[in-house]
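Participant: Here's the letter readout for the chains.
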Amino acid sequence: MAKIPLIRLECVSKDYTEGDETRHVLREASMQLMEGELVAIRGRSGSGKTTLLNLIAGIDAPTAGEVWVDGLSLGRLSSRERTLFRRKHVGFVFQFFNLIPTLTVLENVRLPAELGGRPREQASARARALLAEVGLAGREGSFPDRLSGGEQQRVGIARALVQEPRIVLADEPTGNLDDATGRSVLELLDRLTRGSGRTLVLATHSPQVAGLADRVLTIEDGRLVAIAPAERGAEG
Amino acid sequence: MPTCTLLRTGLRDLVRRPLHTGLMVLGVALGVAVVVAIDLANAAARRGFERSAETVVGRATHQVLGGPAGVPQDLLLRIRTDVGLRASAPVVEDFAVALDLDRQPLRILGLDPLSEGPFRTPLTGASMADPRFARFFTEPKAALVASTLADRYGLHIGSPLRLRVRDRIETLEVVGLVHAEEPAEAAALEGLVLMDVGAAQRLFALGDRLTRLDLVAADAEAARVAALLPAGLRLAPASEQASTAGQLTEAFRLNLTALSLLALMVGGFLIYNTVMFSVVQRRVVIGTLRLLGATGGQVVALVLVETAAAAAVGAMFGLALGWVLAQGAVRLVTRTINDLYFVVAVAGAPLTPVAAAKGLLLGLGVGLLSALAPALEAARVEPVEAIRPSTLEGRARRLVPKVAAAGALLALLGAALLVLSARSLVLGFGGLFAIVLGLALAAPLATVASTALTAPAAGAVVGTLGRLAVRTVTRSVSRTGVAIAALAVAVSVTIGVSLMIGSFRSTVENWLELSLRADIFVAAPAAGGLRAIATLSPDVPARVAAVPGVADIETFRAARVSSPLGEVRLSVADPRRPRRTQLYRFAEGDPAAVWEKVREGAVIVSEPFAFRHRLPPTGGAVELLTDRGPRTFPVAGVFYDYATEHGLVLMARNVYERHWDDRGVSSLGVYVAPGRSVEQVTRDLRAALAGTALMVTPNRALRARALAIFDRTFAVTQALRLLAGVVAFIGVWSALVALQVERTRELATLEVLGLTPGQMWALTMLETGFMGAVAGMLSLPLGWLLAAILVHVINVRSFGWTMRLLAEPTVFAQALAVSVAAAMLASVYPVLRLRRRSLAAALRSE
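Residue numbers (the numbering used here), protein chains in the order written: chain A, 149 to 384; chain B, 93 to 938.
There could be a bad hint or two in this list.
What the hints assert, rightly or not - Pulled a few chain A residues facing chain B out of the computed Cβ check, cut under 8 angstroms:
#	residue
1	E255
2	R268
3	Q270
Derived from the structure by calculation, the hints contain no laboratory data. The beta-carbon is built from N, C-alpha and C at its ideal position, and this holds for glycine as well.
Go ahead and model the full structure; you've got the sequences and the hints to work with.
Facilitator: Given below as structure tokens:
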């Protein structure tokens with residue numbers, strides 16, 4: 149029996165209109181992502197990588213086509229239903245971390261679990277465990293502006309995982325970090341997602357990420373193109 | 093100075109962010125509008141009075157004035173023959189109500205057209221040549237009215253003019269129209285009815301007496317006239333009347349101006365907030381400019397020029413809006429002046445160049461002053477700091493205690509100013525402003541402290557969202573603190589003014605209860621505010637006493653007499669009816685014995701009179717010009733009186749009649765026989781006095797009417813209070829819009845993390861509710877303090893009135909609820925705006 153894809157894009161197009169001009173960011177993109185896969189999306193700046201992640205997360209809506217996640221068509225969900233879907237199924241890791249400056253490290257990580265209705269004690273225990281896993285035990289009470297970039301991204305990863313989502317979307321997670329820190333963050337992300345059977349979709353420029361990925365897709369002129377394993381290095 | 097390109101960045105920024113620029117323009121516009129409206133209304137009322145005074149006084153240099161009985165007309169002959177002064181004219185002046193012309197009070201001026209040449213223009217115009225004008229001399233009821241009044245009410249030559257004259261209704265006939273030479277004169281003429289002096293004497297039953305004589309006299313001639321005057325008459329410069337009236341309303345006008353300035357102060361907070369927001373949002377741009385070589389001074393200048401541009405536009409809008417508001421305000425102000433001071437005809441409140449310049453300068457000044465702190469903050473942005481958003485707020489949080497300390501110092505200075513300025517009303521308001529501003533500066537500290545106190549509780553009850561809400565307010569304390577301050581000031585003004593009005597009202601109610609003893613009052617309605625004195629026809633007291641059920645009557649007389657202190661209002665009371673001892677604030681010896689002294693020749697004076705003329709609490713004396721010459725009366729006590737802020741001297745009738753020839757009665761108090769119904773006796777009295785214009789009012793109704801006038805007096809105050817509230821509401825609203833814009837990415841991240849629209853509302857409501865609660869809590873002590881200063885300092889210095897301060901708990905509860913509700917309401921638009929934006933775009937935003 150064939151495996152059912154977790155994420156399916158069917159002829160998805162996304163246009164942005166600026167004044168009289170329409171920019172076609174994605175043109176009839178189709179793809180399928182399986183549970184537990186690590187897929188890297190590559191492309192030049194402005195090529196539509198972030199847009200693709202936003203469409204998968206239900207943050208943005210396609211101009212045409214449909215996005216299916218776990219058998220649900222996101223376009224048919226209301227705004228509230230999309231929020232609840234995201235809350236349950238999707239973890240997001242941002243390039244600029246997007247931590248809430250007025251919350252401590254622990255509170256930042258705990259927040260999605262609390263929003264998801266988990267009891268506070270349980271949410272705190274889960275957040276503490278994740279912080280220990282990302283190497284930030286003892287920094288729970290710190291505010292984000294006291295952390296280095298690498299540490300902030302680790303908090304971001306812990307936050308993305310606190311609800312135990314099936315999908316983690318990471319938009320240039322190492323884009324704002326130096327090479328060594330970026331490497332360690334990537335390893336952490338890989339270990340904590342693929343290691344526990346989650347699907348990880350990474351938008352990135354980095355050739356290192358390509359090396360880790362099961363599959364690499366690139367966006368060229370709005371079209372999604374799969375890259376053969378042999379070509380990955382050259383693309384970097 | 094910033095370079096041209098640098099300036100372009102700032103000015104383009106204003107255009108590119110219309111919402112932010114709009115808020116800045118709105119802040120200035122509203123503040124300026126309120127100040128300009130009050131300024132124009134005050135100026136219009138003052139000018140209206142001056143014009144009518146000029147029209148009435150004309151080119152006279154001096155006036156011969158008498159006591160309550162007026163001036164004997166044969167004096168005119170002696171002045172003309174003995175002194176040889178031809179430029180002298182007889183004048184009768186009083187008020188009547190035009191029953192068919194919207195019951196407006198009209199000033200009746202009785203003149204002698206043949207003597208008028210050197211004096212007033214209206215009677216020396218071409219109309220004298222008109223043959224019909226002869227009727228002016230021959231007809232006892234002939235009157236001239238202004239052509240504008242005639243046009244408005246469709247009057248023409250031959251029209252009847254029904255007037256309520258004292259306690260009678262008289263019908264005059266319009267025999268001619270008077271045309272004004274210029275629009276300003278038209279407004280003054282409109283309230284005027286001209287009659288022949290003899291006809292006016294008959295109309296007011298003056299016999300051979302006149303109100304005054306007008307003279308155009310050189311100093312030497314004036315001295316000779318003065319020497320000629322018998323006891324009880326005096327020669328006064330003609331300008332005295334206008335300046336007295338100006339002084340009468342000075343405190344009233346100053347109070348309105350001070351309240352309008354308070355609205356401008358709240359507007360200043362709004363400007364500060366928008367400029368500060370602009371600086372915070374553009375820190376990267378400012379950092380880059382600094383990197384490229386812009387000096388701190390140039391950055392300051394850039395921010396100030398931007399603000400000046402927005403403030404100039406705002407001030408222009410403010411002028412226009414102020415002019416519109418002034419048309420409403422002038423009606424309220426004029427009505428109060430007519431109720432309390434004198435009749436003034438005001439056609440409108442035109443925008444004068446001086447008022448416009450004042451409004452523009454004030455708008456620009458407040459704009460630049462409010463932008464100074466943010467501008468200095470911008471200058472401190474280092475290139476390296478530009479990419480770290482928390483830098484400014486970190487510095488702002490460190491500044492919070494220093495700002496609060498400066499505020500405390502300012503408040504102390506204000507308190508010192510209040511104490512040391514003794515009697516000055518202007519310095520009193522200066523102290524009040526310093527205290528309000530000083531305590532408002534404590535708002536950021538109160539915000540930070542409240543966060544520390546409430547964050548754990550908010551976390552325990554609502555969870556991380558609760559903590560997030562409370563901390564967000566503190567994180568942006570440089571803006572939220574000021575929004576809270578603006579709201580706190582506006583709410584405290586509401587509390588202060590409400591408590592003051594409430595205390596005042598309760599004091600007046602209590603005073604009315606104590607001072608109005610008779611069961612029924614019979615009076616001729618006053619036609620010209622409190623300045624006009626009505627006289628009952630001589631047969632009225634006997635007719636009233638004869639009505640069945642009337643056990644006793646007491647007579648009152650109001651009179652104006654001269655004294656070295658200026659014109660003094662005299663209240664003449666029935667010696668058989670002592671004042672209640674609770675009405676005495678100070679008494680010479682035993683309060684119970686005061687009335688005995690009054691009966692024997694002493695007087696008692698009202699509190700405002702004692703304050704105005706700095707009489708000692710006991711042992712003072714008042715010199716009055718009686719018909720027998722100047723006499724000094726010992727003051728036996730000072731009594732509470734809220735009828736007039738200009739002060740009263742109260743005298744027993746037996747003493748009055750000893751010193752003055754006047755035997756008139758202004759009103760009567762009727763005591764109903766035991767067992768008889770007040771309502772029935774009132775009906776019987778009305779029946780007995782049918783055909784007269786007398787008003788028969790039971791005690792309770794009179795009290796209600798007095799309170800209605802009281803409430804009307806505070807209509808402008810209430811309107812201003814509301815306007816300050818509106819400005820503050822917009823302040824909080826703009827701060828919230830600014831904060832939400834600034835937090836776009838953060839809120840989008842929260843949504844990505846699973847925050848539902850309902851939770852977004854809850855979060856924002858928590859934030860704004862917290863801001864409203866902090867502002868509300870702050871406003872409670874500030875409002876009480878404001879009320880205490882208004883009651884114990886400003887009211888005393890303005891009017892000489894003392895009263896008890898009543899701290900009505902519902903006022904505080906309402907203020908707190910309004911504060912929270914206003915803040916929460918202000919968040920509706922920002923959240924809706926947030927809901928409309930694209931989540932993906934919000935995540936990308938800086």
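Participant: For every hint, state whether the structure bears it out.
Facilitator: Results of checking the hints against the structure:
1. E255: holds (5 angstroms)
2. R268: This hint holds: A/R268 lies near chain B, its Cβ roughly 6 angstroms from the closest one there, short of 8 angstroms.
3. Q270: violated (13 angstroms)
This entry does not satisfy hint 3, going by the numbered hints stated previously; all others are met.
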